[in-house]
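Residue numbers (the numbering used here), protein chains in the order written: chain L, 1 to 451; chain Z, 452 to 919.
Read the hints as simulated data drawn from the structure, not as lab findings. Idealized CB from N, CA, C, for every residue including glycine. Hints should not be assumed to be uniformly reliable.
Unchecked claim - Over 10 Å on every C-beta distance to chain L, these chain Z residues come out as not near it, computed from the model: (1) Val-505; (2) Pro-563; (3) Phe-578; (4) Pro-594; (5) Ala-726; (6) Arg-730; (7) Gly-802; (8) Cys-824; (9) Asp-874.
As the list claims (entries may be wrong) - Covered stretches of chain Z (in silico footprint by chain L; criterion: 3 or more residues with CB under 8 Å from a CB of chain L, positions within the stretch not fixed): (10) 659 to 671; (11) 887 to 895.
Claimed, not checked - Label pairs and their computed distance ranges (CB to CB): (12) Lys-324/L <-> His-904/Z: 40 to 50 Å; (13) Met-635/Z <-> Gly-392/L: 50 to 60 Å; (14) Trp-797/Z <-> Pro-404/L: 40 to 50 Å; (15) Val-842/Z <-> Ala-335/L: 40 to 50 Å; (16) Ala-236/L <-> Glu-836/Z: 26 to 36 Å; (17) Gly-392/L <-> Glu-836/Z: 32 to 42 Å; (18) Val-842/Z <-> Arg-178/L: 26 to 36 Å; (19) His-153/L <-> Trp-797/Z: 35 to 45 Å; (20) Gly-251/L <-> Val-842/Z: 29 to 39 Å; (21) Lys-188/L <-> Val-793/Z: 35 to 45 Å.
Each chain is listed here by its residues.
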Amino acid sequence: MSLPRYPTLTIVAFAGLMLLTDVVPALHSYKVMDWNTVPGVLNFIDRKPSATPEAEEQQRLRPDTARQAKYPLDDDEHDLDRFYQALHKAEGKGKGAEARILHYGDSPTTADLITSDARTLLQKQFGDAGHGFCLIAKPWAWYAHRGADVEGHGWTVDPVNQSTIKDGLFGLGGVSFRGGPGATGRVKLSGPHARMEVAYLKQPGGGQLRVFAGEQDLGVVDTEGAKAQSGFASFALPADARQISVQAMSGPVRLFGMMFSKESPGVVYHSLGVNGAYVSVLAKFFNESHWREQLQHYRPHLVIVNYGTNESVYPQFVDYASEKELREIVRRLRAAVPEASILIMSPMDRGQRMATGEIGTVPAIPRLVAIQRRVAADLHCAFFNTFEAMGGMGTMGRWYAAEPRLVGADFIHPMPGGAKIVGSLLYQALLEGYNKYKLRLIQKKTMVAGK
Amino acid sequence: MLSSSSSYFVFLVAIFFLYWPVARNRALALAAILFANYFFYAKWDLFYLYLIPVASTVDFVIGLGLGKWQHKGVRRALVTTSVLWNVGLLAAFKYMPFVLENWSAVTGAAKPEWHWSFPIGLSFYCFQSLTYTLDLYRKDAKPTQSYLAYLSAVSFFPTTLAGPITRVSSLLSQLEKKEKTLSMEDGGRAVFLIGLGLMKKLLIADYLAGNLVNRVFDFPNLYTGFEVLIGVYAFALQLYYDFSGYTDIAIGSALMLGIKLPPNFKMPYAAENIADFWRRWHITLSNWLRDYLYFSLPGLRSKWKIFTYTNLVITMVIGGLWHGPSWTFVVWGLLHGVALAVTRAWQTWRGTETNPAWWARGLRTFLTVQFVCFAWIFFRSASLESAWQVVNRIASLSFSTANISMPVAIVLGIAALGHYVPDDWYKASDRMFVRSPFYVQAAVMALLLMAIHYVNATGAAPFIYTRF
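Start from the sequences and build out the full structure, keeping to the hints where you can.
Put into structure tokens, the structure is as follows:
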């Protein structure tokens, strides 16, 4: 029996050095070897035969398959009842019955992540009343809508949070498109719609634009006006129309977006994300009276305010400014559309690499969530705790380790699988709230009948 | 059990102390290696304990037949059985979902269910196993009569995850050798290679992956064209450091048991053309493809030169598909195949310049690296659509460096410089380590481990090539 002397000595010396960090108290902080893991070498993973391995993985990783929302909405004041009422009408399939949702958010929303999943589920349940709002062109490469392919050129694009123009006129979606003759915007829809509406700014000296469905000329819109104010022009679409475009014909035109609707009852879910957005966008950067015009035109039944991820890395802002600005948003909304329900939706978890190397939660996130919950309770708004619903502290670390990964390597943006989870959680919470609302309705009717 | 994990090194040390005391007894030494191989496989999945012995036994029996029968027809039938068996294994476990999915897309029929999942390292196992029967068929090697030796060689654990793809005959000759020793130099070199591999993998490859590459490839549209371009270069370096790091650990692990494995890399991004690149990148795979696939394709001896070029393309497309059942790998293989064919045609037409000027060599290397990096986009992307997004973002020519932090830039710089370190420097550091006293070697390894622990405390990501 003989061991190779030199390599053996190296191994023994190495093990001795590793042991030293365990034995000598002064060296404890240099400890890198966890001896408890040694017996783990003998752990074997048995291959369990499964008829449905993919479904099992789905069940393990994806709470969207759960039957009941674990984290329902906070809505003690029943603020969402006005929205549920619209939903109830849509469910009854009455003619023109629509439940309109505006979802304001940041980068995941601008890519229609989360919102597209929530839209799909709500429209499946309550009917599809149309795709909703789209921008004229992609203000950034990341902009995308499921079911509506947007493309445009020739525009000067002014996103609300990066704009050189300070008039605060950014339409419903937070982006303004200024252009002259030749500037075009096109939306390719995946399904038929009955109407389209273009949102623009009426302004002195405003030019004209033409609207097309494929090759068919639908009409001209004159954006000339005595003063700057919101303008909307609506057109009926041919049944087979899939590609809708607008083209500036003359003068300067300033557009905000296009909206697509159907005649069937159901849900319209407008996804209104701005890259890098935070609460100040709605609280300060939007001109209040212009935004009011927009809101009053689109007549939402529910407005979802879903910010927090971008401000979470500025703890001073979180602690000293975010509450005030969130309150300002609610005030503006109540003043503009008092009949609409308001849902404050907390940010998702946001991961960061900690000093230990692990992926933890950005420290300001839990504080921000607490602030949002308090504001919602104070102002009688509903609140959805996305952060807790998706798993709370360290979720993004777990999502990053999941196979397939549920979050990107920036620990911020969910992969489609992760976005689906959050969209499903929101849908479940809304559905559960709606079911409770219906129960209350039945109880009320029973009591009235009893009297 | 990743070969960069602490469990692996506990396992390796245990095998070291198990193997060397019995190394002089041939049967016991082979049994120790076989035990290590199957233990290693079982750590991935107990299913391997059925699959690998059965697969190996089939080729061993075919090998005995090839040694016994000289009739051309019988030999051809035997080798065909071996090829069908190994390719069939790969097809059943790796390619069936891809075939079914595309069949369903073309015909519009519902996709049939297929529940067999791909066992890790099977592509490497099958290619390695085929070297035995194909070498016997070509009479380039002699069959072993020892079942134990064959089982030990064909599933040799340092090579099973991601190569280097080693000819079984080469492993057999070393395993069956009576005199087994581990010199001071080889022992020191084994430790050096393991340390170097860990450093490449955990300090460079994983850092670049987590802090730039994965982010850019996850959401290219969130980054400017310049950032995406840097992300692509970073992936080229990540892949090199990841795979060559794995290879260093594999070669070092084998050397701990006195077995020498072939090298797999030789400064690939210094290649002056694409043919040169394949002489430097994943050398054992390109040798395999050349020796066992390219030379086996029909038409090479034909007067029609076109076969030389089409066979290059076919070989590389199959090489691409070997990496995974995806259209992205097909495109990657096609790009390399066409580039190889064009290079060959150019060299046939113009001849090979023997002593080009330094700037001409530099320009060639630069252009070759650009092409290789362009092809890596398809290799790395999850789908053709996502690869197209990456290309589009780069083509947008938008510029910003906001998402490339200073530490990332520094690691990128170190990685790029490290790749071009002259071979002499590498050999000098190897010699210096090997000749240093054992306690210095141990201390260097301990310090390296601490550095890795503090830089990469979340644990290692799987080696990229273990997926293939």
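Right, here's what the structure says about each hint:
no. : hint                                : result
1   : Val-505                             : holds (15 Å)
2   : Pro-563                             : holds (14 Å)
3   : Phe-578                             : holds (23 Å)
4   : Pro-594                             : holds (31 Å)
5   : Ala-726                             : holds (34 Å)
6   : Arg-730                             : holds (32 Å)
7   : Gly-802                             : holds (46 Å)
8   : Cys-824                             : holds (19 Å)
9   : Asp-874                             : holds (25 Å)
10  : 659 to 671                          : holds (count 9)
11  : 887 to 895                          : holds (count 5)
12  : Lys-324/L <-> His-904/Z: 40 to 50 Å : holds (44 Å)
13  : Met-635/Z <-> Gly-392/L: 50 to 60 Å : holds (55 Å)
14  : Trp-797/Z <-> Pro-404/L: 40 to 50 Å : holds (42 Å)
15  : Val-842/Z <-> Ala-335/L: 40 to 50 Å : holds (48 Å)
16  : Ala-236/L <-> Glu-836/Z: 26 to 36 Å : holds (34 Å)
17  : Gly-392/L <-> Glu-836/Z: 32 to 42 Å : holds (34 Å)
18  : Val-842/Z <-> Arg-178/L: 26 to 36 Å : holds (30 Å)
19  : His-153/L <-> Trp-797/Z: 35 to 45 Å : holds (40 Å)
20  : Gly-251/L <-> Val-842/Z: 29 to 39 Å : holds (37 Å)
21  : Lys-188/L <-> Val-793/Z: 35 to 45 Å : holds (37 Å)
Consistency note: the structure conflicts with none of the earlier hints.
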